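Chains as they are written, first to last, in my numbering: chain A, 47 to 344; chain B, 0 to 435.
If you're looking for bench data, these hints aren't it; they were derived computationally from the structure.
Values in this document were obtained by computation on a predicted structure and should not be read as measured data.
Some hints could be false.
Not the full set, but computed from the structure, chain A residues with beta-carbon under 10 Å of chain B [what the hints assert, rightly or not]:
(1) A171
(2) P172
(3) A195
(4) D248
Here a beta-carbon is modelled for each residue, glycine too, at the ideal position from N, C-alpha and C.
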Amino acid sequence: MSKRRVLLILCAVLLSLCLSGAAAEKSRIVVWRVTAPAFNTEALQTETFGADLSAIQEEQREYHSRFWSLDGEGIPFCGISHNRGTENMQARFNIYRHADAGEERTYYYNLDEWNAIPAESGFDAPRATETLSEAQGLLERLGLVTDTAAPAPVSFTTLGRMEGTTRCRKAAYALTLEGLPVRWSAEILRDDGPTRPPILIDPCYVTVTYSDEDGLLMLEGNWCSFEPLTTASEYLRAEDALPLFRQAGFVSAADDPSAPEACWFLSVNGQEATATLAWRVGNSYLSAVDGTWLQTEH
Amino acid sequence: MIRKICTLALCAVMVLPPLAMAENTVEILPTTPPMPRPVVEANPYGADDLTAYYEDYGDEYALPALTASERERLPEIQRRWESGERPESSILNLTEQVHVSVIQLPPEQYEGEPCFLLLPNRDLTDEELLQVVDAYGHLGLTLDPDALSWHNCMRGGGIEVGIRSFRGDERERRSELIGLYTRVGLRPEAPFTDLVADDGVGRVTLDEEDYNGLDEFRFRPARRLTDEELLQLIALDQGDMTATPEELTGYEARLRQELHLLLGMPLSARRGTYEAVEPFDRGNAYGDSRMAYSSSFTEVGGTGRRWRGSIDVATGRLIEGSVDLDDRYYTDGLMVSDIRMDPWDEKWASIAVEAVTAHSNMEESGITEIRTWSETNLNELQGVEVRIMTSDGGVYRAEISYVLEEVMMLRYNDAVSIAAEDDYYAHFMEEVPVNE
């Protein structure tokens with residue numbers, strides 16, 4: 047083969063690669079399929095019981111498809127339930143742990159909203175960074191962080207305003223895909239209305255709570271996994287979506303400089319649950335894929 | 000000739016009767032028109048049947064039936080009664096502080112039921128079971144466990160109010176009569192009587208521990224209640240009015256003014272049925288025992304906003320009040336996404352202040368402090384409560400929805416009532432045993 051011919055072929059290959067790369071840069075995943083999540087169950091157990099797992103026993107309970115405890119009675123325990131919603135696409139998981147598991151408790155914790163200490167809450171609060179870092183590490187060990195999906199912090203709250211309760215710190219997380227929040231459609235949340243399966247009645251949030259005295263106190267959450275379904279190179283941009291929201295009458299929210307919000311709209315197509323790239327203002331969602339209304343405010 | 004005559008006669012005898020018969024055709028005449036097929040309509044005032052709601056309910060102390068233990072002991076108890084044993088006391092028509100009772104009913108007013116059995120949230124003792132058998136016996140009846148139902152039995156306090164709720168026009172007439180009772184001084188001709196058998200309407204007071212905190216059970220017959228009966232029930236509820244009609248009118252005017260100033264209520268808002276003058280006992284531990292006038296109002300026209308409020312009758316000042324700015328939050332089947340956000344984000348403060356200044360005469364200069372207090376939920380909507388403290392010690396509480404980023408409900412508390420409420424929650428755990 048002549049050198050000229052070889053060079054020509056090489057150029058063609060290079061050009062092809064360049065063009066492919068350019069095309070790849072333009073296209074992105076615009077629809078994900080919801081799949082059952084995977085957990086590092088060993089990490090779940092270790093966080094609950096410590097390094098020595100020889101004494102734990104597993105059983106199945108009403109709200110846990112896999113439940114681990116030391117003696118089947120009370121804390122500490124942890125578990126996973128894969129039967130949240132339908133089609134087993136969502137798992138609920140939790141850790142309940144007391145430092146003092148004896149008959150005489152040394153303290154009482156209350157994690158309800160009226161026990162919050164406002165002055166010590168928020169991302170600027172004294173122990174927020176430390177707590178969020180600790181919780182993030184825990185969630186990574188549990189397997190909640192992948193290349194595309196990850197928990198993102200939503201809030202930090204210090205609890206203990208009520209007399210007789212122990213001070214605790216609670217970090218809350220939401221699931222994000224490629225850095226964007228996943229918003230559940232109203233329809234997919236309801237199992238008593240005009241809905242179609244699959245139904246995922248809880249959005250994917252996780253809370254991690256630490257007692258000031260005794261470390262990890264409680265972890266609760268719902269989680270899903272996702273796999274790419276559709277890619278596209280053309281999709282609606284924010285500057286194109288905003289006029290549509292204004293045109294539809296969502297004026298007050300559209301005046302918000304942060305509107306619209308880029309997100310994933312989780313819904314069903316009659317066969318499977320999917321998360322679609324969308325723009326949100328209030329309770330209304332516009333598909334970024336084809337510009338159709340996915341959910342409107344009323 | 001004779002032969003001819005006989006022959007003719009014979010022929011006549013043979014022919015004429017058939018001819019006569021042919022003429023004497025019987026025609027069946029209609030006597031009564033065809034009866035229409037009777038349509039059995041459900042009695043609109045019949046007892047509430049909660050079978051569908053509690054079909055799979057597993058708590059045998061909440062269903063209108065004997066427990067397994069009681070069923071097992073009943074035959075022996077029945078035999079003992081039949082052999083002459085009697086309980087120490089009778090529970091037939093026992094109407095006060097009832098642990099167990101058999102209430103005689105006028106069957107024609109209660110869909111054929113002769114009596115009603117009230118059972119506690121625990122097993123009956125043998126003595127109590129004997130009392131039940133004895134009460135049935137006095138009525139000439141035998142207790143049949145299989146015949147117990149929502150129509151003739153209540154167990155444990157699960158049924159809230161009574162055999163049935165107000166139906167049809169009873170609610171409307173009752174609303175009118177309440178106004179006449181409180182504002183015009185209309186009174187029933189005769190007082191309410193607890194005994195059902197005398198007029199078909201009655202009540203019993205219950206031992207709250209045996210009935211899960213329920214303190215009263217009322218009997219309403221399976222027929223339309225008369226105005227007089229409704230008025231008797233209103234008198235029972237209202238008790239001795241602690242205010243004259245003139246005083247109530249004055250209190251209403253004062254409450255309207257306060258709600259107008261502090262929560263932007265229009266002067267034309269329509270007062271609702273409910274109004275009361277009673278001790279404002281929120282946070283009794285804090286010592287707040289002021290007498291308060293309370294009522295509610297609905298916007299006429301506009302968006303139908305609703306206000307509620309209580310004033311101190313001594314000072315005329317608002318103790319607490321609220322307005323639903325967006326009532327979607329308690330709409331059944333509300334279709335919104337469940338979004339959680341950072342309750343400590345500063346943007347909620349701006350939204351709260353905007354709502355307060357827009358819906359009251361409060362100016363920003365009167366605000367001394369703004370603070371996000373806690374997360375909250377309004378029915379199915381997650382959100383955040385922001386508190387705005389004012390120079391007179393009062394507090395506005397804005398309940399903001401995360402997903403809609405709007406104030407759904409705005410509340411106002413004066414300095415004493417907010418301190419009492421916070422103090423109540425601060426010491427809430429003192430009454431709860433320390434356990435998991």
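Right, here's what the structure says about each hint:
For A:A171, the shortest C-beta to C-beta distance to chain B is roughly 8 Å, which falls under 10 Å, so the interface hint holds. Annotation: A:P172 was flagged as interfacial toward chain B, and the flag is violated, the nearest CB pair being 13 Å apart, outside 10 Å. The restraint placing A:A195 at the interface with chain B is violated, with a minimum CB-CB distance near 17 Å, outside the 10 Å limit. Because the smallest distance between the Cβ of A:D248 and any Cβ of chain B comes to about 8 Å, under 10 Å, the interface hint for this residue holds.
Hints 2, 3 from the earlier list are contradicted by this structure; the remaining hints agree with it.
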